[in-house]
Amino acid sequence: MKLLKDKVAKLSFVALLAASSAAMLYTPTAAAHGEKSQAAFMRMRTIHWFDMNWSKEEVKVNDTMTLSGKFFVFQGWPETVDKPEVAFLNVGEPGAVFIRQGSWIGGQLVPRSVSLELGETYEFKVLLKARRPGDWHVHAMMNVQGGGPIIGPGKWTTITGSMRDFVNPVTTLTGETLDLETYNLENTYFWHALWYALGLAWLAYWIRKPMFIPRSIAIESGKANTLITATDRKVGMAFVAGTIAIVATAMTSTNEKYPITTPLQAGLLRGMKPFEMPAKTVTVKVEDATYRVPGRAMQMTLKITNNGDSAVRLGEFNTASVRFLDSAVLEDTTSYPDDLLAEDGLTVSDNSPLAPGQTRTVQVTASDAAWEVYRLADLIYDPDSRFAGLLFFFDEAGKRQMITVDAPLIPVFI
Amino acid sequence: MSASQSAVRSRAEAVKVSRTFDWMILFTLFFVVLGGYHIHYMLTGGDWDFWTDWKDRRLWVTVAPIVSITFPAAVQACLWYRYRLPFGAVVCVLGLLLGEWVNRYLNFWGWTYFPVNFCFPSNLIPGAIVLDGIMLLGGSMTLTAVVGGLAWGLLFYPGNWPIIAPLHVPVEYNGMMMTLADLQGYNYVRTGTPEYIRMVEKGTLRTFGKDVAPVSAFFSGFVSIIIYFLWHFFGRWFAGTSFVSSENI
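In order, the protein sequences belong to chains A and B. All letters in the first sequence, in the order written, are residues 1 to 414 by my numbering. All letters in the second sequence, in the order written, are residues 1 to 249 by my numbering.
Keep in mind that the hints are not guaranteed to be accurate.
[To be verified] When the alpha-carbon atoms are kept at most 27 Å apart in a straight line, the in silico DSSO-like pairs for lysine-lysine are as follows:
#1 LYS210/B x LYS257/A
#2 LYS16/B x LYS209/A
#3 LYS16/B x LYS7/A
In case anyone wonders, no lab produced these hints; they're calculated from the structure. In this text, all values refer to a predicted model and were calculated from it rather than measured experimentally.
Required output: the full structure, derived from the provided sequences and hints.
This is the structure we're talking about:
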C-alpha cells in the first residue's frame with residue numbers, strides 16, 4: 001500500500017512540475033490584436049476610419065483620454081460580410097485597461113448596438129478612463145453582426161500610476177454612490193462561500209462513511225436497502241428543507257433591501273445622425289489599378305474632373321487605415337501612428353492644381369512597406385480581388401473633400 | 001504473492017485499503033467532473049454565466065439550469081445505482097464552481113483585469129442539494145427527474161437573486177437609464193464580446209409584463225426534467241460494466 005501511495009505521490013509531483021513549467025517558462029506578451037491578420041478586403045472595403053485623434057499618449061490612472069474621429073461606411077460593402085444593420089462601436093484594447101466612460105456616434109450615446117447606413121459618414125467619440133498601468137495598443141473598432149470585428153487604426157498609449165488607486169464612482173437612481181470596481185464583491189463572496197460550505201457539509205456527511213467498495217459489494221449482494229439509514233433520511237430532509245428555507249428567506253430579505261430594481265436594458269439604436277461631409281465637386285473614375293508585388297506599390301490610373309470653382313490637388317489616399325500622403329500637398333499634424341503613415345507614400349504623375357472645369361488623367365502610386373507589414377498585399381489572394389479607399393482632395397483655400405474609389409485590382413508579379 | 005492470494009491479510013488492512021480507494025476515487029471523480037463539466041458549461045452556458053450583464057430574467061434563467069443539469073444527472077445515476085450514494089449532483093456542482101472560481105479569478109481577473117464582481121459564476125448549489133435530497137428520499141429516477149428537475153429550474157433564479165439584485169439597481173448614465181450590471185458591461189470593455197451578441201430580454205413573453213422570471217423558471221424546470229432523464233440514462237450507461245469482458249476481471 002505504501003508503495004502505491006509513494007508512486008501516486010511521485011507521479012502527481014512530476015505532473016504538477018510539468019504543468020507549472022509548461023505554463024510559466026514561455027509566456028510571450030501579446031502586443032496587439034491581430035489586426036494585420038484580418039482579411040485585407042475587410043479592412044479596405046467596409047469601414048474607413050479617418051480624422052482619428054487620440055487626445056493623449058500618456059495618461060495617469062483615473063485620468064481620461066478621448067479617442068475620436070470619423071468613419072465612412074463603404075457603399076461597396078462586400079457581399080461576404082453582413083451589412084452593418086446591427087453594429088457596435090467598440091474599442092480594441094488588451095483587456096479592460098481603460099474603461100469606457102462614454103461613446104457617441106453623431107452626438108448620441110451608444111451603449112447599445114446601432115444600425116448604420118451604407119454610404120454615410122459618421123462622427124464618433126469614445127471617452128476612456130485609465131485603469132491599468134502599461135503600454136497599450138488602443139484601437140477604434142466596429143463590431144458588425146455577421147461580419148465580425150472591423151478594426152480601426154491603433155496607437156500605443158501609456159498609462160502610469162497604480163491600478164490600486166483606480167476608482168469607478170457611480171451614483172444610482174436610488175441615491176447611493178458606490179465604486180463599481182468593488183461594489184457587491186463582499187456580498188458575492190459571502191453567498192458563494194455559504195452555499196459552498198453547505199454543499200461541502202452534504203458531501204462530508206456521506207464521505208465520512210465507507211463509500212465505494214463496501215457499498216458496491218452490498219448492492220451486488222442484494223442489500224441495497226440497508227445502505228440508507230433512517231438518520232440519513234432525516235439529514236436529507238433537513239438539507240432539502242433548509243435549502244428551500246434559506247433560498248426563500250434570502251430572496252425576501254434581498255427584495256426588502258433592494259425594493260427598486262430594473263431589468264437589464266437592451267435594444268437596437270436606429271437613426272444614427274450621419275456627418276455632413278462637404279459637397280463633392282470632384283469626380284474620379286478609376287481607369288485601371290494594379291498592385292506590383294515586388295515593389296510593394298499600388299498604381300491607379302485616375303481620370304479626375306474638377307466641377308468646382310477652385311483648383312484642387314490630391315493630397316491623400318487612405319485605405320485600411322494606412323494613409324499615403326503627398327507631402328507637397330498635405331502634412332500630418334495629428335501624430336497619426338507612424339506605422340500607418342506613409343508621409344511621402346503618394347506619388348501623382350501630375351499633381352499640379354487641377355483648374356475648375358478641367359479633366360486630367362493621372363498615374364497615382366501608393367507605395368510603402370505598410371503594404372507588406374499590414375498584409376494588405378494579401379488582397380491578391382482574396383476571392384473578390386477589388387480594392388477601395390478614400391481620396392482626399394484639397395482646394396486653394398485648403399478645404400478638403402473626400403472621394404471614394406472602388407475598382408478591380410490586377411496583381412503584377414514580374 | 002501469487003495471483004490467487006489476497007492483497008490484504010487482515011480485516012483492518014482491508015478497511016484501510018478500501019478507504020484509500022475511496023479517497024482516490026473521490027479525488028479523481030471530483031477533478032474529472034470538474035474538467036468535463038466546466039468545459040461543457042462554458043460551451044453551452046458560456047457568456048450567460050460569465051458576465052453580470054447577461055444574467056437576465058428570461059434567457060439566463062431558462063438556459064443556465066437546462067444546460068447545467070446534465071452532469072449532475074449522469075453522475076447521480078452512477079453514484080446512486082452503483083453505490084447508493086446521493087451526492088452526485090452536489091459533487092458535480094462543487095467541482096464546477098471550484099473550477100469556475102479558479103478560472104474567473106486567475107483568468108478573467110488575473111489576466112484580463114475584469115473585476116470579479118462582473119464575472120462571478122452562477123450559484124447552482126441550492127438546486128444540487130435538493131436534487132440529491134430527492135434522490136435520497138425517493139430513491140426513484142422518475143421522482144427525482146420530475147420533482148428534482150423542476151426544483152432545479154425553479155430554485156436557480158431565487159438562489160442567485162441575493163447576489164445579482166444589487167446589480168439591478170438602476171442608474172442614469174449620460175442621459176440613459178441602465179442597471180449597474182449594464183454599466184459594468186459598458187464600462188469594462190470586452191473587445192470580443194460586442195453588445196449585440198448579448199442574448200438578454202429577447203423573446204415573446206411580453207404578456208407577463210415584469211413578472212417573467214417565474215414563467216422562465218417554470219419553463220426551465222420543465223425542460224430540465226427532460227434533460228435530466230436523458231443524462232441520467234447516459235450516466236447509467238456509462239456506469240455499466242457490460243462493455244468489460246468478464247474474462248478480464
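For each hint, the structure was consulted:
At most 27 Å may separate the alpha-carbon atoms for a hinted pair to count; LYS210/B and LYS257/A meet this at roughly 19 Å. Between LYS16/B and LYS209/A, the direct Cα distance comes to roughly 12 Å. Compliance with the 27 Å bound is thereby established for this hinted pair. Taken as a hint, the LYS16/B and LYS7/A pair is honoured in the structure, with Cα atoms around 18 Å apart against an allowance of 27 Å.
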